[in-house]
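Engineer: Spelled out from the first residue to the last, the chains are:
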Amino acid sequence: MSAAWEVVIGLEIHAQLATKSKIFSGSPTAYGAEPNTQANLVDLGYPGVLPVLNKEVVRMATMFGLAIGATVARRSVFARKNYFYPDLPKGYQISQLELPIVEHGELFITDANGNEKRIGVTRAHLEEDAGKSIHEGLDASSGIDLNRAGTPLLEIVSEPDLRSAKEAVAYMKKIHTIVRYLGISDGNMQEGSFRCDANVSVRPMGQEELGTRAELKNLNSFRYIEKAINIEVERQIDLIEDGGKVVQETRLYDSDRDETRSMRSKEEANDYRYFPDPDLLPVEISEEFIEAVRATMPELPAAKEARFVDEYSLKGDDAGILTASRPLADYFEAVIAATDAPSQIAANWVIGDLAGALNRDGLDIEDVKISADELAGLVNRIHDNTISGKIAKQVFEAMWEGEGSADDVIEARGLKQITDSSAIEAVVDKVIADNPGQVAEYQAGKDKLIGFFVGKVMQETKGQANPGQVNQILKDKLQS
Amino acid sequence: MMDMHLQTMTELAAGLEKGDFSSVELTQTLLDRVAALDDRLNAFVTVTAAEALLAAARADAARAAGNVGALNGLPIIHKDIFCTRGVKTTCGSKMLNNFISPYDATVVEKLAAAGAVVLGKSNMDEFAMGSSNETSFFGPVRNPWDLECSPGGSSGGSSASVAARFAPAATGTDTGGSIRQPAALTGTVGIKPTYGRVSRYGMIAFASSLDQAGVITRSSEDAARVLGVMAGFDERDSTSIDHPVPDYLATIGDSIKGLRVGIVRQHFDAGLDEQTGARVKAAIAVIESLGATTVEVDLPNIDLSVPTYYVVAPAECSSNLSRFDGVRFGHRAENAEDLLDLYCRSRGEGFGDEVKRRIMTGAYVLSAGYYDAYYLKAQQVRQLIADDFKKAFADVDVIAGPTAPSPAFKLGDKVDDPIQMYLNDIYTIGANLAGLPAISVPCGFVNDMPVGLHLVGPHFGEEVLLRCGHQYQQQTEWHKACPEAFQ
Numbered sequence: 001m002s003a004a005w006e007v008v009i010g011l012e013i014h015a016q017l018a019t020k021s022k023i024f025s026g027s028p029t030a031y032g033a034e035p036n037t038q039a040n041l042v043d044l045g046y047p048g049v050l051p052v053l054n055k056e057v058v059r060m061a062t063m064f065g066l067a068i069g070a071t072v073a074r075r076s077v078f079a080r081k082n083y084f085y086p087d088l089p090k091g092y093q094i095s096q097l098e099l100p101i102v103e104h105g106e107l108f109i110t111d112a113n114g115n116e117k118r119i120g121v122t123r124a125h126l127e128e129d130a131g132k133s134i135h136e137g138l139d140a141s142s143g144i145d146l147n148r149a150g151t152p153l154l155e156i157v158s159e160p161d162l163r164s165a166k167e168a169v170a171y172m173k174k175i176h177t178i179v180r181y182l183g184i185s186d187g188n189m190q191e192g193s194f195r196c197d198a199n200v201s202v203r204p205m206g207q208e209e210l211g212t213r214a215e216l217k218n219l220n221s222f223r224y225i226e227k228a229i230n231i232e233v234e235r236q237i238d239l240i241e242d243g244g245k246v247v248q249e250t251r252l253y254d255s256d257r258d259e260t261r262s263m264r265s266k267e268e269a270n271d272y273r274y275f276p277d278p279d280l281l282p283v284e285i286s287e288e289f290i291e292a293v294r295a296t297m298p299e300l301p302a303a304k305e306a307r308f309v310d311e312y313s314l315k316g317d318d319a320g321i322l323t324a325s326r327p328l329a330d331y332f333e334a335v336i337a338a339t340d341a342p343s344q345i346a347a348n349w350v351i352g353d354l355a356g357a358l359n360r361d362g363l364d365i366e367d368v369k370i371s372a373d374e375l376a377g378l379v380n381r382i383h384d385n386t387i388s389g390k391i392a393k394q395v396f397e398a399m400w401e402g403e404g405s406a407d408d409v410i411e412a413r414g415l416k417q418i419t420d421s422s423a424i425e426a427v428v429d430k431v432i433a434d435n436p437g438q439v440a441e442y443q444a445g446k447d448k449l450i451g452f453f454v455g456k457v458m459q460e461t462k463g464q465a466n467p468g469q470v471n472q473i474l475k476d477k478l479q480s
Numbered sequence: 001m002m003d004m005h006l007q008t009m010t011e012l013a014a015g016l017e018k019g020d021f022s023s024v025e026l027t028q029t030l031l032d033r034v035a036a037l038d039d040r041l042n043a044f045v046t047v048t049a050a051e052a053l054l055a056a057a058r059a060d061a062a063r064a065a066g067n068v069g070a071l072n073g074l075p076i077i078h079k080d081i082f083c084t085r086g087v088k089t090t091c092g093s094k095m096l097n098n099f100i101s102p103y104d105a106t107v108v109e110k111l112a113a114a115g116a117v118v119l120g121k122s123n124m125d126e127f128a129m130g131s132s133n134e135t136s137f138f139g140p141v142r143n144p145w146d147l148e149c150s151p152g153g154s155s156g157g158s159s160a161s162v163a164a165r166f167a168p169a170a171t172g173t174d175t176g177g178s179i180r181q182p183a184a185l186t187g188t189v190g191i192k193p194t195y196g197r198v199s200r201y202g203m204i205a206f207a208s209s210l211d212q213a214g215v216i217t218r219s220s221e222d223a224a225r226v227l228g229v230m231a232g233f234d235e236r237d238s239t240s241i242d243h244p245v246p247d248y249l250a251t252i253g254d255s256i257k258g259l260r261v262g263i264v265r266q267h268f269d270a271g272l273d274e275q276t277g278a279r280v281k282a283a284i285a286v287i288e289s290l291g292a293t294t295v296e297v298d299l300p301n302i303d304l305s306v307p308t309y310y311v312v313a314p315a316e317c318s319s320n321l322s323r324f325d326g327v328r329f330g331h332r333a334e335n336a337e338d339l340l341d342l343y344c345r346s347r348g349e350g351f352g353d354e355v356k357r358r359i360m361t362g363a364y365v366l367s368a369g370y371y372d373a374y375y376l377k378a379q380q381v382r383q384l385i386a387d388d389f390k391k392a393f394a395d396v397d398v399i400a401g402p403t404a405p406s407p408a409f410k411l412g413d414k415v416d417d418p419i420q421m422y423l424n425d426i427y428t429i430g431a432n433l434a435g436l437p438a439i440s441v442p443c444g445f446v447n448d449m450p451v452g453l454h455l456v457g458p459h460f461g462e463e464v465l466l467r468c469g470h471q472y473q474q475q476t477e478w479h480k481a482c483p484e485a486f487q
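Taken in sequence, the protein lines are chains A and B.
With the working numbering, the residue at position 417 of the first sequence is 417, and numbering never jumps.
With the working numbering, the residue at position 93 of the second sequence is 93, and numbering never jumps.
Hints were generated in silico from the structure; no laboratory data involved.
None of the values given here were measured: they were computed from a predicted structure.
Cβ atoms here follow ideal geometry from the backbone N, Cα and C, with glycine treated the same way.
Heads up, a few of these hints could be off.
To be verified - DSSO-like, lysine-lysine: derived pairs with alpha carbons at most 27 Å apart: (1) Lys281/B with Lys390/B; (2) Lys391/B with Lys377/B; (3) Lys166/A with Lys81/A; (4) Lys390/B with Lys81/A; (5) Lys81/A with Lys377/B; (6) Lys377/B with Lys390/B.
Claimed, not checked - Have a look at the derived ranges for each label pair, beta carbon to beta carbon: (7) Gly320/A with Cys344/B: 31 to 37 Å; (8) Glu284/A with Asp372/B: 22 to 28 Å; (9) Glu25/B with Asn270/A: 35 to 41 Å.
Said to hold, decoys possible - To spell it out: a stretch of chain A is covered by chain B in this simulated footprint if at least three of its residues, at any positions, have a beta carbon under 8 Å from a beta carbon of chain B; those stretches are: (10) 50–64; (11) 161–168.
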């Protein structure tokens, strides 16, 4: 990208709220049911039926508002967004326009220079999802699955504060973490529970006025968001530099071809004829309600990260990594609670081997095969020198495969570390005797050979000698 | 024994109670009348004879078992706007000519639970849009008092049925006068309760913020009896109000001495037929003779009610009727070329002219650039009108005036002039805009055609309207008159 251009991005994130039933009907919201088995007469928009607000969504939206330091509206209003589409049963979507439930929030991301950057959240409003049109396997006809119709969504609209695809992803990840921390969305992007539209424009660096934007629709993975935005930015810059003009339009990202394509231009855009929905009363929220919700708020990612740094003295990004998901942070803290070892050792194990094993087996932390207590048991054995860090990796794998606790594995496999100085000394003596040439070189000043001797000793002891002791004894004996 | 069909619900209830006749006998008698006479009126879209006789037998059995609901065994008719499970529910439209509802409206459920026997579904203006019943896909309903005349609308099938003694009561809905104006034009009683008093669940929406269900009967006492069953909070309708339902029958006999009756000057202006005005004034005089006093009240913005209504109601209807798209239910055009063609032709074929006119008006007033000037402005005026009423009710208990500007007009007379047609609701619309209860009570005849006295009450003032109507009917015989061809 040419340095002469500034990229301006605003995101509209749709987070599906984790309610048991739909926003305006009692139908279940579970994913993956047979088509149209989770749609009742209200979802189907039958003549005479009426929407009734699921109060749970109000609580969830309030939590979100509090989490991003926003104003939770004492009075918000549902409006109808009118347009015709087969997967929109009533011919209108119930949403919020002029008076959304959440306004004026903010959160902080880390920008490319490592600085904290504030991103404004203009608003978050409640709305119902539409159904789904199905074209595959239906020959010339189309099918409609209304299971998703009426699923509650929180649409979270950012200010155009994002300046790169990377920032957009960082922002979206923050929101993703927050909604999952709050337990108000499962954030499952594959199932469409968390997706976004990106408004993208470019302008000459230094120009005040915003460029004409294109809206990229329905981006549902962090990878695609980054790729789609970058491709779109490139397209816009090329276009302008070739003397063309960006038109305001809706575009679709095609991941197969890695390009964005026009869906409809502004001229073709619908006039949605919004007006307040007369079937629903305004949502009135009292101060008491907000305070009651506030009392139930969990510790949020930013606060938790700060506390981890403070309380556990974790290095680098570890606190951020551990707090990226609430179950992971909870797991880490459970390990900490069950060991006296330094927190950093526990952090290394959770971030390193545990995360690696989960990743390798495609598991979530909720499905972890070693409990926090068991991992603490392993960490304890490292800390009390029963085993070395290296042997511990072997023990960990055995535990992962279900061979029992750390102690069970150490006992069964005879992995207990040799800490008996005389036993180590005997091995050291043997190694010195077997390698007179290297001893001479070392004593002539080639310090680096210490690694060679350590390796030999560890080989002889099958890795079970305490490395610290090996080092010390070797140095002592070689010098004499 | 007086002929069953001539009796009011109250009289029929007593007859059933005494065992003078069974519900099956009563139901059969009325079904026979419908079969013999409805060709002249076209008041029914669907007659549910078999279901009715079954329900009547159940009611008789319940009575024998000592299990008597408030309306046990009493026949009623439902306006075809109420969804009735397993029965065609057309809303007077070709669009729903093939629609069998899979569920019952709350009103239908409540009346059935009270033991009422449903004879069928009554004809109406298409989607309740009309004041003459001429917009129905099933043809106009005729007025039993003069078959050349309209029975009013949109609940014209209900008003004609009750006037023709097909049933003592029929449900209706009222968005701008659709219960009260047909009641006035057929010499029946029609009450539209406070907005939120009766659940709208299962009532096919025309203009959601104005629609309210009510009932057409021949006496205020019967209206009280039926409304008491229909009313009440429904968790399935967010706009229904959780307010206790009084026992309307308990106070209906109380005196109206000291009642303060407001008279709105504008309601007796040039638009009112002189003779109709004279009957209404005479009726007010009767009420005064019972100890009420009259006070002139001012509703400075009431003249704006018709234009306000014709912005708000079409706006809501344009959205409410979007669901009729030929996709899931209702009329679907054949051999659609593509989606747009399916929409355009299904709706083009399924809706009649008046419905299309209102959808287009509504889409226009909500469109970008016009919303503020029309919809928003209309909502502001609506608030002013509501405030006017509120002020007026600080000084009076009811407001009295004519229900409609003239007696029933000839079918075909106004059908080509929407504005003239709309003006028929000039006195009734205000109550809808303000969400107030109102009743029309027969108060005489002009050239042998009935006219109605309109009483508007404050929010949840149904009790005083029913009491006032009942006390007036104790002094008058208008409601007992039966059209000659239907005696």
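Engineer: If a hint holds in the structure, say so; if it doesn't, say that too.
Structural biologist: Hint-by-hint comparison with the structure:
1. Distance hint between lysine 281/B and lysine 390/B is fulfilled; the C-alpha atoms sit about 24 Å from each other, no more than 27 Å.
2. With a CA separation close to 21 Å, the supplied pair lysine 391/B and lysine 377/B stays within the 27 Å bound.
3. Distance restraint check for lysine 166/A and lysine 81/A: the Cα-Cα separation of roughly 32 Å exceeds the 27 Å cut-off, and the hinted pair is therefore not satisfied.
4. Annotation: proposed proximity of lysine 390/B to lysine 81/A is violated, straight-line Cα distance about 33 Å (limit 27 Å).
5. Proximity of lysine 81/A to lysine 377/B is assessed by CA-CA distance (about 20 Å); at most 27 Å being required, the pair is judged to hold.
6. Taken as a hint, the lysine 377/B and lysine 390/B pair is honoured in the structure, with Cα atoms around 20 Å apart against an allowance of 27 Å.
7. Between glycine 320/A and cysteine 344/B the Cβ separation comes to about 55 Å, which falls outside the hinted range of 31 to 37 Å.
8. Judged by the Cβ atoms, the range 22 to 28 Å given for glutamate 284/A and aspartate 372/B holds: they are separated by roughly 25 Å.
9. Roughly 59 Å separates the CB atoms of glutamate 25/B and asparagine 270/A, a value that falls outside the hinted 35 to 41 Å.
10. Check result for the segment 50–64 of chain A against chain B: holds, 4 residues qualifying (beta carbon to beta carbon below 8 Å, three or more required).
11. Restraint check on the segment 161–168 of chain A versus chain B: 0 residues with Cβ-Cβ distances below 8 Å, three needed, restraint violated.
Consistency note: the structure conflicts with the earlier hints numbered 3, 4, 7, 9, 11.
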